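Position 74, counted from 1, in the sequence shown is what this note's numbering calls 74; the numbers after and before it change by one each time, with no gaps.
These aren't lab readings, by the way, just hints derived from the structure by calculation. Please note that a few of the clues may not be correct.
Derived Cβ-Cβ restraints for the label pairs, each shown as a range [what the hints assert, rightly or not]:
hint	residue 1	residue 2	range
1	Glu106	Met25	14 to 22 Å
2	Ser7	Glu133	33 to 41 Å
3	Asn16	Lys111	30 to 38 Å
4	Tyr137	Lys37	14 to 22 Å
5	Asn16	Lys57	17 to 25 Å
6	Asn83	Lys131	25 to 33 Å
7	Asp122	Lys24	15 to 23 Å
Quick caveat, the model's predicted, so the values are computed rather than measured. Think of the CB as a built atom: it goes at the ideal place given N, C-alpha and C, for glycine as much as any other residue.
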Amino acid sequence: LGSQIESVQAFWRYNNNMPVDQLKMRESIYLFKEGFKPIWEDRRNLYGGSWTFRVSKAIGPEFWNQVQLLAIGEKLEEALDENDQLCGVGFSARFSAHLITIWHRESSKQKSIDGILASIKDNLPQELLPKTENYFYKR
1 LGSQIESVQA FWRYNNNMPV DQLKMRESIY LFKEGFKPIW EDRRNLYGGS WTFRVSKAIG
61 PEFWNQVQLL AIGEKLEEAL DENDQLCGVG FSARFSAHLI TIWHRESSKQ KSIDGILASI
121 KDNLPQELLP KTENYFYKR
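Could you build all of it, start to finish, from the sequences and the hints given here?
In structure tokens form, the structure reads like this:
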């Protein structure tokens, strides 16, 4: 995105003008906290990890919207170990699906790993949840 979002109004302005279903294949967008970059080489991500959810193109935009709301509403942050921090979330267009990622700083914190997944399962509508074989965790 390359710009800061500092209010709820700014988020909705960004969100309503960023039609993710129109991204070209291999393009990505990210919603990250200030100071974090969506690359593993960023010093703040060196010990981090991420959940990746592969979802159909039909539900990808709504899944992304829900994940963004969990991030800005601090539901994902609440799911983490107290010594961990949410870095951000990402959306990537692929040939036959969309990839939605949730990044956090401390991959050594099992409570965080489990908590992020539980937050997704508990807060997203059943019809948006991907099958178990369509998500994975990366350290």
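Hints, one by one, checked against the model:
no., hint, in the structure
1, Glu106 to Met25: 14 to 22 Å, "32 Å, violated"
2, Ser7 to Glu133: 33 to 41 Å, "39 Å, holds"
3, Asn16 to Lys111: 30 to 38 Å, "35 Å, holds"
4, Tyr137 to Lys37: 14 to 22 Å, "20 Å, holds"
5, Asn16 to Lys57: 17 to 25 Å, "20 Å, holds"
6, Asn83 to Lys131: 25 to 33 Å, "32 Å, holds"
7, Asp122 to Lys24: 15 to 23 Å, "33 Å, violated"
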